[in-house]
Every structure is written in C-alpha cells, then in structure tokens.
Amino acid sequence: MTLLKGDTGGQVMLGLLLAVAIVVSVLNLAVPEANPLHVSTYTVTLLGKYLTYALLAVAVDLVWGYLGILSLGHGAFFALGGYAMGMYLMRQIGDRGVYGDPILPDFMVFLDWQELPWFWHGFDMFWFAALMVVLVPGALAFVFGWLAFRSRVTGVYLSIITQALTYALMLAFFRNEMGFGGNNGLTDFKDLLGFDLQADSTRVGLFIASAIALALGYLACRWIVTSKLGRVAVAIRDAEARTRFIGYRVDRVKVAIWTFSAMLAGIAGALYVPQVGIINPGEFSPLNSIELVVWVAVGGRATLYGAVVGAVVVNYGKTYFTGAFPEAWLFALGGLFVLVTLFLPKGIAGLFRQLKRRRSGAMAEGAAV
Amino acid sequence: MPSRWGAVLLLPALLLAYTAAAWGQTPAAAEAVVEQPAPTPTDGLIEASAYDTEAAVPTDADLSTQAANEVDAAPAAPDSLDAGAAGPAATDSIADTDRSTESPATPAELPSASSQARGTDTAHGGAELPKPPSLAAALAKLADPSFNVKEQAAADIAASGDPRAADLLKALLDGELYFRRDDNRIVFAERTADGWALTDALSDEALGNVGRRDARKITINNRMRSALRTNIAALTLASPDPATRLSAAKEMMGDVDDAGISALRGQLAQEDDPQVREAIELALAIAGLEAETLEERKAAVAALGTSLYPEARNALDDLIRTEQDPELLAAAQAARTEIAQRVDNMRRLETLFFGLSLGSVLVLAAIGLAITFGVMGVINMAHGELIMIGAYTTYLVQLAMPNAIDWSLFVAIPAAFIVAGLFGVAIERGVIRFLYGRPLETLLATFGISLILQQLVRTTISAQNVIVENPSWMSGSLQLNPALSLTFNRLYIFVFSLLVFVALLLVLKRTALGLQVRAVSQNRAMARAMGVRSARVDALTFGLGAGIAGVAGVALSQLTNVGPNMGQAYIIDSFMVVVFGGVGNLWGTLVGGLTLGVANKFMEPWTGAVLAKILVLVFIILFIQWRPRGLFPQRGRAAEG
Amino acid sequence: MPNPATLRTLSSQSHMLKSFALAAVLLLGLSSGLLHAEEEGEAAEAGSDETIKVGVLHSLSGTMAISETTLKDTMLMLIEQQNEKGGLLGKKLEAVVVDPASDWPLFAEKARELLEKDKVAAVFGCWTSVSRKSVLPVFEELNGLLFYPVQYEGEESQRNVFYTGAAPNQQAIPAVDYLKDELGVERWVLAGTDYVYPRTTNKILEAYLKQNGVAQEDIMINYTPFGHSDWQSIVADIKQFGSEGKKTAVVSTINGDANVPFYKELGNQGISAEDIPVVAFSVGEEELSGIDTKPLVGHLAAWNYFMSVPTDENDAFIETWHDFIEDDDRVTNDPMEAHKIGFDLWVKAVEKAGTTDPDAVIDAIVGLETKNLTGGTAKMLPNHHITKPVLIGEIQEDGQFAVVWQTDEEVPGDAWSDYLEGSKDLKGDWTDPVNCGNYNTKTEECLGAEAAE
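Residue numbers (our numbering), protein chains in the order written: chain A, 1 to 369; chain B, 1 to 641; chain C, 1 to 453.
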C-alpha cells in the first residue's frame with residue numbers, strides 16, 4: 001500500500017475500478033434480464049474494451065509522462081499483442097472453420113496456402129501465445145529502443161520514427177502474403193481456454209481480467225515511478241544531458257522502461273482482441289497511436305491515473321457521439337483536443353489537483369485568520 | 001550551394017540528353033529501306049475520291065474527311081435498306097461494317113488494292129448500287145437500344161449524302177443527340193430547370209419542354225466511337241496534320257498490302273516530319289520481312305533492329321519463331337537482343353523519371369512542412385488538411401470559371417496560397433502561439449484542428465469527392481521516342497516543385513522577412529532583443545508554410561482525388577521527408593524527397609509497390625539511427641532542443 | 001474548520017478510507033447513470049409494441065462514409081415508402097441508424113447495440129468484407145438478420161446473413177466472358193487493391209482463364225495498397241504487357257479512391273479504352289459522380305444494375321429517390337438496388353411468416369421473389385444469395401453507363417466458387433434437410449462450426 005501513498009487519484013481510481021468490476025459482474029450475471037438493474041452484456045463488453053484502452057494509456061503515460069518520450073507508435077505494440085492473442089484464438093477454431101481444415105485458418109484455405117507458415121507454430125498452446133503477447137512487442141521495443149536511444153535519437157525525431165514504425169507495420173500486415181489475413185485480419189473466434197467466447201460468463205470473465213490487468217499494470221507503473229529508476233527517468237526527462245554527465249547510463253534506463261511499456265501495451269492488446277472479436281491492420285494505423293496520446297493528454301500527463309480517466313472519458317465520448325450526433329463527433333473530438341491543450345495543459349487530473357489546491361489554499365487562509 | 005544545384009539539375013538534363021541521343025540514332029540507321037525508288041504517291045487516293053462524287057460533300061475541312069467514311073458506309077447501306085431491318089443481308093452488312101470499323105485505318109482510302117483489304121469487297125459491291133438511304137429513316141433508327149442497329153444507322157447517315165449528316169454524326173459523338181421517349185423522335189436537348197428543352201434534330205423546330213426522364217441521351221459504345229471518329233476525321237496518310245499522318249502510318253504497321261506499300265513509299269518521299277518518317281519506314285520494314293529476296297529481308301531486319309516501336313519487336317519475334325534461313329535468323333536474333341538492350345535502357349530512364357516525379361510530389365507536399373515544422377518547430381498535423389484546402393480552392397476556382405478550365409490553375413495557385421495562408425495565420429494566432437516551446441503539444445492541438453477541418457469540408461461542401469478537371473495542356477504525354485514518353489502532368493509538376501522550392505529559398509535568403517524568420521528560429525530571445533517583432537514573424541512564417549501547402553494542394557488535385565480525407569494520405573510521407581532531409585533545412589527536404597521517390601520507384605519492379613514503401617520506411621528508421629538529425633543537420637547550439 | 005496541519009498528519013489509512021468513500025459516491029453516480037440508460041432502453045422497448053425496428057448499420061464518418069451514407073439514405077427512403085403503404089403487419093417501421101465510423105471493431109460493437117439494446121427485427125448494412133466478417137459472430141450469437149448489399153468475394157453462406165450483392169459468378173466471370181468472346185481478348189491484367197475481395201476474385205479468374213486455355217505468361221497479376229495514387233510504374237508495365245501483339249484487357253478490382261489516379265495515368269500514358277479496355281467491378285455511378293469522367297469514357301464496368309436502364313420500375317425508383325433526397329442530380333447505383341431487393345424480400349417474408357421472428361423469417365424467405373429494377377426477378381436461393389442479371393456497361397461522359405451486353409437470364413448466386421480448390425465441392429443450403437452453409441457434396445457432411453453445434 002506504500003505504492004499508493006500520496007496518490008489520491010490512484011486510490012480513487014483503483015477503488016472505483018474494484019467497485020465497478022464487482023457491481024457490473026453481479027448485475028450482469030445474477031440479476032435477471034427483465035430486471036431494470038440488469039447490466040447488458042453489451043455494456044460489459046464495452047466497459048471491458050475501455051479498460052484495455054486505459055491500460056494502454058497507462059503504458060503511454062509511463063514513457064511520455066515520466067521519461068519524456070512521445071511515442072506515436074504505441075498502437076503497434078498494442079496491435080502486436082492483439083495479433084499474438086488472435087493467432088491463438090484462430091488456432092483454437094480448429095476444424096470448426098468453414099472449410100473444416102483442422103490446421104489452416106479459413107483465410108489460408110481459400111487463398112490456397114498449403115501449409116501453416118512457420119511463425120504460426122506454437123500458437124495452438126495458450127502458454128506460448130501468452131508469452132508471445134509480451135515477448136513480441138517487448139523484443140521489437142527492445143531492438144528499436146536499443147538502436148534509437150544509443151544513437152541518441154530524441155524529441156520529434158524519435159516521435160516521427162515511432163510513427164514510421166507503426167506505419168510500416170500497418171502496410172506490412174495489410175499485405176496478404178504476410179500470412180496474417182491481410183485487411184480482414186483475424187476474426188470469427190470461437191473460444192478461449194475452452195470457454196465459449198459468446199457466453200455471457202466468458203465476457204464477464206474477460207472484463208474482470210481486464211480490470212485486474214489494469215490494476216496490476218497501474219501498480220507496476222506506480223512501483224517504477226516511485227523507485228530509484230523512476231526518479232532517474234524523471235531526471236532524464238527534465239535534463240537528459242546533465243543526467244548522463246552525472247554518470248547514469250541514460251540509454252539503459254530508457255530501453256528498460258520503454259520495453260516494459262511496450263509489453264504492457266501488448267497485454268492490453270491481447271485482452272482487447274477477444275472482447276471486440278477482431279484484430280486487423282487498422283489497429284496499426286498511425287492515427288490510432290496519435291489518438292491514444294490524446295487520451296493521455298486529456299487525462300493529464302505524468303499522473304498515471306489521469307491516463308485511465310482520459311482513456312475512459314474520450315472513448316465514452318466517442319461511443320456517445322457516434323451514436324447521438326454522427327455528423328458532429330469529429331468537431332467535438334477535434335475541439336476537445338484543441339481546448340485541452342490550450343486550457344488544460346495538465347489535463348483532467350490537473351484540474352482535480354487545482355481544485356484540491358484551491359480548497360486547501362482557502363483552508364490555509366481560513367486558518368491564518 | 002552551387003554543387004547542390006548542380007546535382008538537382010543534372011538528373012533531368014541527363015535524362016533529356018540521353019533520350020535525344022537515342023532519338024537521333026533511329027532515322028539515320030534506317031536509311032537502308034529508304035533507298036528504293038518511290039512510285040507516285042497518290043494512286044490509291046485518287047481512286048478513293050472517285051467514290052466521293054456520289055455524295056456531294058462540302059469543301060469544309062471537317063466534311064471532306066467525311067468522304068472516307070462514305071467509302072465505308074455507302075456500300076453497306078443499300079443492302080440493309082433492300083432487305084429490311086431484320087433480313088439476313090442486313091445482319092451480314094452489319095457484320096461487315098463491324099469489321100471494317102475495328103481497324104479504322106485499314107486502307108479503305110486505297111480501294112484499288114487487291115481484295116485482301118477488309119471492307120473493300122463491300123466497297124465494290126456498294127459502288128454498283130448507289131442508292132443513298134434517306135437521312136430521316138436512318139436517323140430514326142438511332143433511338144433503337146441495340147448498338148448494332150445504331151451503328152448501322154450512323155453508317156446510313158453518313159451514306160445519305162445529306163449536308164447535315166456530318167453535323168449530326170459529330171453531335172452523336174459528342175453526346176448531344178437525344179430521343180424523346182414517347183415517340184422516339186431524335187432531338188437536340190438543352191437542360192432546363194426541371195427537364196429538357198427539345199429541338200428537332202432535322203428541322204430545328206422547337207418541340208417545347210419535357211420532364212427530366214422523358215428524353216434520353218443516345219448512347220454510343222467504343223466500337224461506334226472509333227467508327228465515328230474514323231468517319232468524321234478520317235485518317236489519311238496525306239492529311240496536312242502530322243499527328244493524323246502518324247497515327248495512319250502506325251495503323252498500317254504490319255497490316256499493309258502492295259498498294260499500301262506504294263502509298264507509304266510515296267508519302268515517305270515527301271515526308272518532312274521525322275516521327276512520321278520513322279513510322280512509315282518501320283511500316284515498310286515490317287512489310288519488307290515478307291519480301292521476295294533475301295537481301296530485301298535482311299535490310300528489313302536491319303531496319304527493324306533500330307526501331308523502338310513495339311510492333312518492330314513483335315514482327316521480329318514472329319520472324320524468329322518461324323524463320324528457316326539460319327543467316328536471317330541470326331541477324332533477327334541479334335537485332336532483337338539489341339532492341340531489348342535499348343528498351344531496357346529506356347525503361348531505366350522511365351523509372352528514373354517516375355522516381356523524380358514521385359519525389360517531386362513528396363517535395364511539394366513536404367516543403368510547407370519544412371517551414372512550419374522545420375523552421376518553427378511546430379509539429380503541424382493539420383498540414384495535410386492545408387494541402388486539402390488548396391485542392392478545394394482549385395475546385396472552387398474551377399466552379400467559378402467553368403469556361404476557362406485551361407486557365408483555372410493560374411488563378412488557383414495564388415488563390416490557394418492566400419486561402420491556405422489565411423487559414424495558417426488563423427491557426428497560428430488562435431492556437432499555436434500559446435504553445436511555443438511545447439512542440440509535442442502543438443501536435444495534439446493541430447491534430448484536433450485537422451479533424452475539425454476535415455469535418456468542416458464534409459459539412460460545408462460534401463462528404464463525397466469533388467471533380468477537379470485537368471486543363472487540356474496537363475493531359476497527354478511528351479513522346480521522346482516510341483519506348484519513352486513523359487506524361488505532361490508529371491513533367492509540369494516536377495518543374496513546378498522546383499520553382500516553388502527556388503521561390504521559397506529566395507524568400508528565406510534574400511528578403512527581410514526571410515532574415516527575420518531565420519533569426520527567430522535560431523534564437524528567439526536574441527532576435528526580439530534586436531527588435532524583431534517575433535509574434536508577427538511567427539504568424540507570417542506559419543502563413544507562408546500553410547500557403548505553400550495550399551499551392552501543393554493545387555498540384556496534387558491534378559494527380560489524385562480531392563476529398564475530405566486527401567490530407568491524411570500525405571501527412572506521414574511529408575514528415576518522413578522532412579525528418580530524413582534534416583529538420584530546418586530546405587535543401588534537405590528537396591534532396592530527401594527526390595531520393596526517397598527515386599529509391600521507391602527503383603525498388604518497385606522487384607518488390608511491388610507496398611513492399612517498396614515499407615522498405616523505404618525501414619530505411620528511414622535505420623538512417624535516423626546513423627544520422628540522428630537527418631541528411632543535412634542543423635549545426636550549432638540552436639539545433640539542440 | 002480543521003487546521004490544515006492536522007489534516008496532513010492524518011494517517012494514510014484514513015486517507016485511504018476517504019478515497020474509497022469517494023469512490024463509492026462516484027460509483028453511485030455512475031450506476032444511476034447506467035440505470036437511467038437502461039430505463040431509457042425499457043421505455044423505447046415499451047414503444048416498440050407499436051413499431052417494428054429496422055437497424056441501419058452504415059458508416060456515416062470515416063473513409064467509407066463516401067459510399068455508405070447513400071445506402072443509409074436509401075434505407076430511410078424504403079422504410080418511409082413502406083410506412084406510407086401502411087407499414088408491416090399493421091405496425092409502423094422505425095429506422096434505428098448508428099454510425100460505425102469506418103472502424104471495423106466498432107461495427108461489431110454497434111451490431112451488438114442494435115440487436116441487444118434496440119432489439120431490431122433486421123439489420124441492413126455493412127459495405128466492406130472486413131466489416132461483414134467483424135459483425136458475423138454477433139449476428140450468429142444473437143440470432144439477428146443481416147442484409148448485405150455489396151458485391152463480394154463469396155466463400156461464405158451464413159444462416160443469419162442474406163447476400164443481396166453479387167457473388168463472383170454474378171459479376172467477374174460474365175465480365176471475363178464478355179471480354180473473351182465479344183472483344184477477343186487474349187492477354188489479361190488482373191489488377192486489384194490488396195485485400196480479400198480482389199485476391200479471391202483474381203484467384204477465381206486465374207483458375208477460370210487457365211481452364212479456358214490461357215497461358216500463365218498471358219496473365220499479369222498486380223496488387224496495390226488502399227488509396228494508391230502513384231500509378232506510373234504499374235501503368236507503364238501494363239502498357240508494355242499490352243504491346244506484345246495480342247489484344248489485352250485489364251480486369252480491375254481496384255477499390256474506390258485509387259481508381260481516379262489510375263484512369264488518369266492510363267489516359268496520360270496514351271492508353272485508350274479502344275487499345276486496352278479496363279473492366280471494373282468497383283466503379284459505379286456514385287464513384288463516377290465524384291470524378292472527371294473524361295479519361296474513363298469507353299472503359300467498362302460489370303454490375304447487376306445501371307441507372308441508365310430504361311424500365312418503368314427503374315424510372316419510378318429514381319423518381320422516388322430524387323424526391324426523397326431533394327436533389328435531382330443524385331445518382332442511383334447497384335448496392336442501392338440490392339438494398340431495395342433485400343428490403344422487399346424481407347417485407348414479403350415477414351408478411352408470409354406473420355412475424356418478425358428471425359427463425360420464422362429465415363424459413364419463409366427462401367424461394368420468395370421480387371422484381372429487379374432492370375427487369376426480370378430476383379429470387380432468394382437456399383444459400384441466401386439471390387438471382388441477378390449481369391450487365392456490362394461502357395462509361396459515358398455524363399457518368400452514366402451504356403449497356404453493351406447482358407446475360408440472357410438471371411444468374412443464380414454461387415456462394416462457393418467452382419474454380420477454387422478448397423470450395424468446389426461445397427454448397428450452402430439453409431433449407432431442410434441440409435440446413436448447412438458449407439455442405440460438402442462429396443463427403444456429404446456439414447463442415448466446421450455448424451456441424452459442431
């Protein structure tokens with residue numbers, strides 16, 4: 001509990017998360033559908049999706065807020081984690097695909113693939129897929145970071161090449177020759193670890209798993225930023241050259257945190273895919289990565305819990321606006337970004353803090369009188 | 001700086017020099033064929049004119065070409081009239097016209113030729129039955145839905161000998177002929193507010209207004225289109241227009257008889273246009289492959305060996321497949337190899353041109369960003385939308401001047417610069433000026449602006465793509481030789497991007513504003529201390545960058561779709577170019593853009609378009625590791641940060 | 001008022017408690033919001049006794065909005081028309097429009113919303129294959145009805161989906177036949193955007209051409225990414241390929257936006273429709289209305305409907321559309337007709353079954369017929385595809401098509417291509433006794449998921 005000391009926002013957020021997870025699950029499973037208190041599976045899945053986005057946002061906030069690296073390519077790690085999970089789910093279909101082929105996924109059968117490409121092997125085992133969910137994004141981030149940070153690529157250059165990274169991956173995954181289903185991606189999943197993905201209980205299970213992953217991910221990030229490593233990271237963010245001169249191995253710190261963040265994003269992706277039921281190259285789109293940076297900005301940088309708030313608020317707004325005012329939602333979204341950067345540079349979390357400070361300021365004044 | 005200039009100008013210069021050399025080679029080497037004496041040229045043509053007398057054709061230039069058409073059509077017409085619309089004879093004659101129209105320049109002009117030439121059979125038959133069909137009857141058949149009937153009707157109109165025939169056929173080709181749906185009457189129609197105002201096609205009598213769906217355009221298909229075109233502007237070898245002569249000669253390649261050969265030789269003797277000469281020589285050489293003597297055939301092979309026309313290659317390939325004579329075979333194979341070599345070289349040049357043109361598009365798209373991002377440090381995600389605004393300005397300009405599309409671009413360029421520039425100034429004053437020193441946050445704000453601008457276009461103009469027309473001078477291509485032609489739009493855009501680059505460079509290096517811009521970007525505090533009004537400079541700089549983006553939009557509107565999403569297609573590429581070239585350096589943007597374009601195009605044949613693009617991106621990522629500040633890094637303390 | 005100093009000395013545990021208390025309060029607020037939403041849902045459901053809800057699942061924003069917005073309007077028009085005729089089963093129809101924003105996972109989410117929250121009787125929607133694939137499991141799980149109006153790659157026959165657009169044998173193969181037999185084409189360029197529809201269609205065409213004696217070296221296949229705009233090299237390749245003496249044609253499955261620069265480049269490099277005709281499967285009236293048609297004149301397209309076909313039904317449809325959209329310049333196109341046919345068939349099936357219950361409708365709809373706008377009838381087949389006439393049109397300068405060829409009678413849609421190894425023995429039949437979307441006629445068993453259930 002020392003991790004959360006002085007982190008009021010985090011405490012509230014985690015408390016809320018716990019409560020929502022319990023209440024929603026109970027209301028969905030135990031309350032009959034006719035009862036007005038019943039929470040529909042639609043809502044559960046929607047909330048589950050938001051939670052995976054929130055975890056992704058926390059991962060971005062860790063590198064942006066505390067390390068000063070603005071990644072415009074975190075969507076790539078998210079999508080890679082998603083693909084790893086998607087490949088497992090694909091293999092689980094087995095001979096229940098439309099062609100009844102026990103090994104090959106449907107899209108390979110009708111594009112005349114004769115055998116499973118080498119990189120699909122092993123994904124029929126959950127432990128292997130789960131390992132890949134963290135290893136693939138982690139390895140990519142490690143190689144990329146090792147190259148970039150050692151060459152001291154910083155600032156906008158780094159942002160732009162992370163964008164190039166996700167853009168290149170998007171184009172690559174769009175290619176049907178790659179063996180990842182091209183534009184259609186992976187879909188039509190049946191079950192996960194033997195649980196039917198269409199069952200309400202599985203959906204609630206995934207929702208709870210997302211909540212737990214978010215809580216653990218949050219605590220892990222919290223642990224990093226309160227540790228010595230975290231303090232060095234902040235030093236790098238604020239004065240990289242000086243930190244290096246003092247004798248810290250800046251590139252190692254950066255690679256370590258960067259890689260961890262990518263793994264976290266991978267886990268978020270892996271939880272996202274079974275809940276939405278599809279993973280396709282659109283997830284690599286550079287626009288997605290920019291959008292998730294915006295969640296963090298809206299929520300408030302360098303607070304971690306702000307990222308969670310931002311992800312949920314923006315996505316709820318998106319769901320609401322695309323339903324209620326489909327024509328106007330881009331105006332609303334665009335306006336939000338402009339207004340937040342201009343008037344809320346510290347995001348919603350900054351707003352909370354300001355309110356709190358004002359209150360305590362008023363109290364201090366009262367005491368003085 | 002001069003050395004960089006040299007590099008930029010050298011590439012296109014080389015391109016032109018090489019092709020010019022290749023071009024000069026051909027006519028010189030082809031002399032072998034020319035030596036044969038040419039008989040009098042106009043045998044065939046005189047014969048043809050005998051038929052013309054049937055139809056009293058006016059001397060108008062347009063109509064005189066009509067004559068050739070009558071040769072085609074007159075014979076078929078009487079058959080069908082005699083037999084009635086459905087008789088077997090009618091279908092026969094339709095089939096005949098079908099065939100003759102398939103190859104518009106078959107030597108119908110040369111009917112004295114042996115009956116090998118298609119269409120001449122019927123031509124002779126027709127000459128015996130000179131009974132011009134009635135124009136009105138023929139015209140009425142145009143309302144028929146069947147293209148065969150319509151084609152027949154068009155032929156009948158041509159054969160009618162009526163002086164209005166040519167105008168009617170032209171109207172048919174231009175899609176001005178309609179028919180009224182209740183009685184199938186053929187009319188001219190003019191759009192009114194809620195329908196059509198009709199005038200009778202024959203009598204010019206006004207028929208009043210009808211509803212939108214009560215008159216229907218008479219549709220034509222490809223076959224009719226090419227037949228009509230042959231009819232209206234017949235391709236004769238002796239036409240005063242070199243382009244017409246050229247296409248006539250091209251049509252005769254591989255498809256000539258003895259009379260054709262003599263006509264070609266005749267034309268060759270007096271031909272002074274080098275391209276037409278080359279085409280005629282080639283046509284003769286292909287015919288010469290089937291000559292009697294080995295010597296003649298060898299000469300033909302030698303002549304073919306110098307030609308870059310695909311027909312020459314095909315003729316040699318045919319020869320290689322069938323030839324028995326070993327000597328000739330060897331000569332043909334050698335010639336084929338040499339052509340292949342030269343065609344490959346042309347292909348390489350072509351690829352270089354493609355690369356430079358892709359590069360110039362990248363440069364154009366990126367150069368505005370080189371100002372806003374490179375000089376000012378604003379990560380302007382709305383850059384693509386500023387390009388889009390430029391393209392939409394072009395669209396609006398064209399809407400305002402629908403009758404002067406050819407000139408519209410000259411109006412659109414300054415207009416787009418001003419409109420996009422004003423948007424830029426507004427963005428800078430409204431949002432960005434609060435964010436200086438926080439480059440990463442400008443990214444978020446400008447991303448929001450880009451979403452707003454996209455939706456703004458969707459709601460105010462249309463969510464659909466809009467039509468931006470190409471001026472006539474932007475279409476077509478500059479044919480350097482038969483294996484290499486450069487499309488005009490790409491060529492102009494390449495030149496245009498260089499002009500924009502030079503202009504921008506001059507503004508930055510030679511004007512007071514440029515000096516202030518550089519001062520502020522290098523050291524804002526010091527510049528202000530020296531009395532530079534940095535706020536004004538910021539606004540103007542951003543406006544300049546945005547204006548250039550708008551100008552790029554004008555160019556891009558000529559190449560691709562204009563729609564609300566078009567900006568997004570260019571934003572990432574633009575950033576790559578600027579970062580690759582080196583932030584804050586215009587030269588970097590130019591060299592970077594052209595390099596990436598050429599690299600992309602040279603990889604494309606091996607890897608395909610997608611993989612080429614991926615490889616370029618990977619290359620940029622790796623290149624940045626090696627040179628973290630791009631090709632031309634900014635030096636000095638100002639560069640840090 | 002407590003001293004701030006004492007506040008700070010409070011133990012972190014009580015601080016924690018406070019946080020949880022705050023969380024609880026927030027939770028209460030949130031859950032009351034949720035409850036409210038549920039109540040709204042209830043209220044809407046109460047209203048649904050008088051109306052039958054019809055879901056419209058088309059993107060109104062994002063990249064696909066260009067094409068899909070029109071289909072949303074078409075559905076609204078059809079529903080309005082039906083209501084003027086007195087509705088269905090004595091109830092009014094009510095359209096529920098949602099915007100999946102060209103985002104594929106969002107399609108699944110919105111489909112779930114329509115079926116689970118709004119309880120719609122049927123959904124008309126989707127454009128791209130990936131959006132259809134994304135919603136399929138949802139329709140299967142919640143037993144909904146989806147009418148899919150766009151030509152697609154086939155290889156699918158699902159119990160809950162009705163495919164009112166063309167399967168490859170209703171568009172691609174007749175078009176190739178036309179080129180082969182009528183224009184004497186011997187060399188083929190199969191150019192497409194790199195996604196599943198062109199990939200599959202080209203696989204089928206390649207197999208079909210080879211069966212018809214076309215040699216491998218006379219087929220050139222090329223794929224480009226979405227929105228490809230630099231066609232210089234590819235058009236130069238096509239030109240080269242077409243210059244070798246045999247009549248050449250391009251069969252284009254190039255998608256949407258990429259077409260304009262493609263045709264422009266063809267025109268600029270001097271390739272006319274008379275030299276190398278291009279037959280396209282994704283270029284219709286709607287697409288042509290956004291571009292300068294000059295470079296396209298004479299090129300071909302294969303569809304099952306053209307606006308220019310002069311039948312009374314078509315005239316009436318266009319008239320209604322213009323009145324509805326209040327713009328006489330708007331065009332009609334093939335997917336619009338597909339929605340009209342799908343809607344007519346659904347209405348007839350509901351009337352026949354006397355209920356909107358999906359199972360009853362699925363049983364009732366097979367075998368029903370309705371009139372095509374271009375003449376002839378569309379009949380719902382057991383594999384949930386329909387019969388369609390195939391028309392080949394030449395592009396005219398005004399953005400319309402002149403029909404140059406059409407099949408003598410309607411072609412029945414074939415879910416599983418006869419020209420692909422994996423699917424030639426498969427058939428879809430959702431009537432008794434087979435009741436299977438992918439029934440192997442050789443082994444006489446139902447493959448995959450359906451068998452497992």
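Derived by calculation from the structure, the hints in this document are not laboratory data.
Honestly, I wouldn't trust all of these hints.
Calculated cross-link-like contacts (lysine-lysine; reagent style DSSO-like; alpha-carbon spacing at most 27 Å) [unchecked claim]:
(1) C/Lys180 <-> B/Lys250
(2) C/Lys210 <-> C/Lys247
(3) C/Lys294 <-> B/Lys170
(4) C/Lys246 <-> B/Lys298
(5) C/Lys247 <-> B/Lys250
(6) A/Lys190 <-> C/Lys424
(7) C/Lys348 <-> C/Lys91
Measure nothing beyond the straight line between the CA atoms of C/Lys348 and C/Lys91; if it is 27 Å or shorter, mark the hint as holding. holds, 15 Å
For the pair supplied as a hint, C/Lys247 and B/Lys250, confirm whether the alpha-carbon distance does not exceed 27 Å. Holds, at about 16 Å.
Next pair to validate is A/Lys190 with C/Lys424; report whether the Cα-Cα distance is within 27 Å. Measuring from Cα to Cα gives roughly 25 Å; hence the hint holds.
Is C/Lys180 close enough to B/Lys250, meaning Cα to Cα at most 27 Å? Status holds; Cα separation ~25 Å.
Pairwise hint evaluation, C/Lys247 against C/Lys210, where the allowed Cα distance is 27 Å at most: holds, 17 Å
Need the status of pair C/Lys294, B/Lys170: alpha-carbon distance at most 27 Å? holds, 17 Å
Is the straight-line distance between the alpha-carbon of C/Lys246 and that of B/Lys298 27 Å or less? holds, 26 Å
Of the hints listed earlier, there is not a single one the structure fails to meet.
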